[in-house]
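**Student:** Top line first, the protein sequences correspond to chains A and B.
With positions in the first sequence counted from 1, the corresponding number in the numbering used here is that position plus 27.
With positions in the second sequence counted from 1, the corresponding number in the numbering used here is that position plus 442.
For the record, the hints were derived by calculation from the structure and aren't laboratory data.
Even glycine gets a Cβ: it sits at the ideal position worked out from N, Cα and C.
Residues of chain A clear of chain B, computed beta-carbon distances all greater than 12 Å:
hint, residue
1, Met45
2, Val57
3, Ala86
4, Ala93
5, Val109
6, Leu151
7, Thr152
8, Ser181
9, Ile202
10, Asp209
11, Leu218
12, Arg291
Examples of chain B residues lying across from chain A (beta carbon under 7 Å, computed):
hint, residue
13, Ala479
14, Thr687
15, Asp688
16, Lys868
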Amino acid sequence: MTSTNFAYLSNYCIYSAMVLFTIAFFSHAVEVSFSVRNVDVKTQFDFSRTKKSGRLGSAMMILGFAFLFAGVIFRGASAHRVPWGNMYEFSITGALAFTGAYLFALWKYKIRWLGLPVSIAVLLTLGTAITVLYRPSAPLVPALKSTWLAIHVSAAIISGGVFLLANCVAATYLILDRYERDGGARPNWALKLPSLEVLDQLSYRLVAFVFPLWTFAVIAGAIWAESAWGRYWGWDPKETWAFITWVAYAAYLHARVTIGWRGRKAAWLCLFAGSTFLFNYVYVNIWGTGRHTYSGL
Amino acid sequence: MSSIPDLDSKASLRWMWRQLTSMRTALILLLLLGVAAIPGSLIPQRTQNPMKVQAYFTDNPALAQWFDRFKLFDVYSSPWFSAIYLLLFISLIGCVLPRTIEHLKAIGAKPPLTPKYLAKMEFYSVINTQNTTALDLAETWLKKRHFRIRRDSDSISAEKGYLRETGNLLFHLSLILILVGVGVGSLFGLKGEAIVSVGDRFINTPTSYDNLGFGKFQSANSLAPFALTVTDFKASYDIKTNAPTDYKLAVAVANPVGAKPIEKVIRVNAPLTFGNTKVYLQANGYSPMVTVRDLSGNITFQGAVVFLPQDGNLTSIGAIKVPDMQPQLGFVSSFIPTFDRSPTRGAFSAYPEVLDPRLLVSVWTGNLGLDNGRPQSVYRIDTSKMQRIGLKTLKLGEKYNFSEGSITFEGWKPWVNLQIVDDPGKMYSLFGAIFAILGLLISLFARQRRIWIKVGNSVEVAGLAKNSIPGLEPEIAELKTALEGSKQ
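Please work from the sequences and hints to get the whole structure.
**Tutor:** Okay, structure coming up:
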């Protein structure tokens, strides 16, 4: 197959994945909103009648993940390289890592309820990628031709996916915390979600699990920078924000483990740390200056 | 927080030290460090983009003055940024060193005594088994799993996972090593740049550099004694997108100067190494070659002039200065590797390789202003005391006659910008980084926990997991099964 064929195939896969994630989104929405039969009698709940819808959502998520995975692989095949050369490719791989992190957590912690925010976030990412960020498949510029590209970028993307998932959990925590504060009750749609304590633990686990990987991503970047640019650290905007993210998550881990922060405060700190990562990705790539911005995003 | 004690200097010093090394202070400093790093990514920095800083001063003089007062153009070397990270590291050392000593003392030590009331601990349960053999069985079971054991007459206290603290300390000590590496690099390192045209030789002495910066304790005669000649430079481009696909720089290296030259290749991700010194290929461009003659036909200037690329297709601008004529001549010029023209953009380059070159010159006569002692850019001409006498687009080999003489566009040469860096501290930082990752992995994945067994009227078992890490409950359940299995 020629390069162009692979590029088209990749695009079809991405579009198909988007359709699947849309179905997943609606399935999860149905599961959440119709699970309670009688709204007036709040003591009797029936979750069984939307179980199928939830299962369908999960199936669509898995299928969407498979198509997205194929899309990323074909994109790489079309350019004969790892598919991490521009922002479109970072975005589709980031969405893949994010979905992957969700599916892993789904299998390990039974968190199907997260499917709703995850599917909408993935849809938005892919939609932005294919409309705004899309660039034709092309070879890499010389600065990116290095084995470190695969190592540094994959570590950064996977970390990003897990950080964002932790952010979703922390945000859910804060929303539910608002309802439950002062002895209030959860709204109907949130009845199936886990307790605040579980959410709190889950976001911590995700961060603690991926923090070493993020550290590795930063260090791999530094080693690469030494061989490409002549210095391992130069306070380039991307490096600066990677450092800020690292410091923020380090503070989060210390706050939890050593000082014993839990709940609201910890969730806010987690959200802050995650948003520094997002800021780095969006702001520095698009409006920033420095060596991490390559022409045409 | 404790209140400030009386003005006893020793006590207040101790109080301050305790505050500084407290976890709360460290956490605040850590967050502060993150926040303090932000302005440097939003405001242009002298170390990265001096031109942009200069532009800031011209566009916004009042604001720039205030920014400069607070060192906002040099954030990462500013006193306030340094203060934060130095305090943080002092706090870190003050916290980690005592813990390291404690930890070293604990090597080979027995676990602490079994608590009096096990019922208060986690996963407490009473086992239905024979009292006499329970402790022996438990000891064998725990030993097999490499627990440290303290056996007393009626109890066993076992602990596992000392490695967690080892990893934790290794991580924090490694951060200090990284900082040492950064310090060594900035005190003993050097960094410089030089533009070298194809065919030219670069000898590694301070005068060969266009700019060169030394660390505080590094002297000029410490440069590695090599010389290199640029024999060829080849840039390849993608014909569809005009984006570069490969840069290959061939050099003949003599190390030391005068030795037999060896052929080497430098690429963007593959620098040339001389011990601690590395030579990087950073940028490239074109130097048009011209000959300038006066009215009687004498050559007043001949050679290649380095031009600066302005876009991806290497449209380049530069200045050809001829100070040895009366009056002086200056050519404000553009070099276009592959000529094209459009009504909106005028003349521009359509491809970064030289396929159909043009040299655009605007000829100025008068005073170049080279004698007033002010440093001047080699790429620009101060035309304030000059007058324009001609304008021409030259093809390759073409000659242009104007009222004071003539200029001939003879050809071109590629040039490369070499960056030469000596950083003797980077190995410390690298090892620091590797140990930091190792320490982090160990501390996050090693589970520290204690298990106690007590024999009295009944057999009691309980445990405690540090930071309530999961996994202890099934472990204790397993121990229980092992103990109960012996009942028969």
